[in-house]
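With the hints as your guide, set chain B onto chain A.
2 protein chains.
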Amino acid sequence: MTAAIDFYFDFASPYGYLASHRIDEIGERFGRAVTWRPIMLGAMFKAVGTAPLTTYPLKGVYSRHDLGRTARLFGVEFGVPEGFPHGTLPAARGFYWLGESDANKQKPFAKAFYHAYFGEGRNVSEMDATADIAASVGIGREAFIAAIQEPAIKDRLKAETNAALERGVFGAPFIFIDGEPFWGVDHLDQAERWLETGGW
Amino acid sequence: MTAAIDFYFDFASPYGYLASHRIDEIGERFGRAVTWRPIMLGAMFKAVGTAPLTTYPLKGVYSRHDLGRTARLFGVEFGVPEGFPHGTLPAARGFYWLGESDANKQKPFAKAFYHAYFGEGRNVSEMDATADIAASVGIGREAFIAAIQEPAIKDRLKAETNAALERGVFGAPFIFIDGEPFWGVDHLDQAERWLETGGW
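Which chain is which? The protein sequence lines are A and B, in order.
Just so we're aligned: 26 in my numbering is position 26 of the first sequence, and the numbers increase by one with no gaps anywhere.
Just so we're aligned: 1097 in my numbering is position 97 of the second sequence, and the numbers increase by one with no gaps anywhere.
So here's chain A without its partners, still in its complex pose:
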């Protein structure tokens, strides 16, 4: 019972951002590694027939309110960036490239990106902006820009997204603990209890 926790997220998901502040600490507490797995939420929306939360009438207004409230509860700096949602493919591709080239930089990069986007509210949709963030955590800017344009890295992100869909992932954050699925920031408490008790 010491398999890694799988943490699925999209770099454009504000709830994923909030979860990213708690997931590693939860894993640590229970002696579990946490594997971060960025996916393309747009593909999920298409498969399920849904749309980004903030685009729905009523539900969108509530979710913005709830995001701010949950961020305050977590003690996490948060704002919905102007022009949200931006494309975050360069970040997701870069993350998988780092997994092959410099794995220790994966999480620092992901955290820096999320912080720039939802913590500082920066527009991070351009490749250049993403490369700047990569550079800020010690990743070679030119290598990063070259890598994320490689067909192999683009395919990798697609394959990860398809594999997630096949596993039943339809939103973010979405985590698996020994095969048990938990969707949403508001299920992290149940996930913790699952780790503590071994399930019920």
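Calculated from the structure, these hints are not laboratory results.
Just so you know, these numbers come straight off a predicted model, no measurement behind them.
In this text, a Cβ means the ideal position worked out from N, Cα and C, and glycines have one as well.
There could be a bad hint or two in this list.
[Said to hold, decoys possible] Per the computed footprint, the stretches of chain B lying under chain A, defined by three or more beta-carbons under 8 Å from a beta-carbon of chain A, are:
#: 1; segment: 1042-1049
#: 2; segment: 1058-1070
#: 3; segment: 1161-1175
#: 4; segment: 1186-1193
[Said to hold, decoys possible] From chain A, some residues computed to sit far from chain B (all C-beta separations above 10 Å):
#: 5; residue: D6
#: 6; residue: G31
#: 7; residue: T54
#: 8; residue: P85
#: 9; residue: S136
#: 10; residue: G140
#: 11; residue: Q149
#: 12; residue: I153
#: 13; residue: D155
#: 14; residue: L195
Leaving out everything else, chain B in the frame of chain A:
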């Protein structure tokens, strides 16, 4: 700060059923009355552009799994009834009629109905089945059947649903504490904390 908690639910909502087992106890602990307000979730789905949770690919499979898991955690008998979802308009109308005629019977009736539906998995869509449940908690069967066919009672349910929509309700369960909205069973913990702390 002792206003009643508003508890919006649909008699066809399994997550509403789960919340109904906790909401009064939460209110009691913090010295708050809880006003139960059945609504027609179908009108919400139409306004928001969504559909019943269980009808979505992937999301539907997960939600059935999550419902069972949460029910076990709450220690509540639960199953998704065969043929779910059934129409539950007679129950919602009867509930509001009881508010005018015999208010002390409202919650016992609602709990008996929910238990028959999601606890025992009975088909409760027919007026007769609903009247049987009403009779089981001491409500006159004939009076119940007559009342829920009155235009005034039908209009009352529509008015309650529209008022909920205007307040921003788009799903169930949905509760308000001093104007602060909380959506979903998995937000009951935040709601409790709100009651405890007065908000953050």
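- Item | Violated hints, by number in ascending order, as checked against the structure | Going through the list in order, the structure violates no hint and respects every one.
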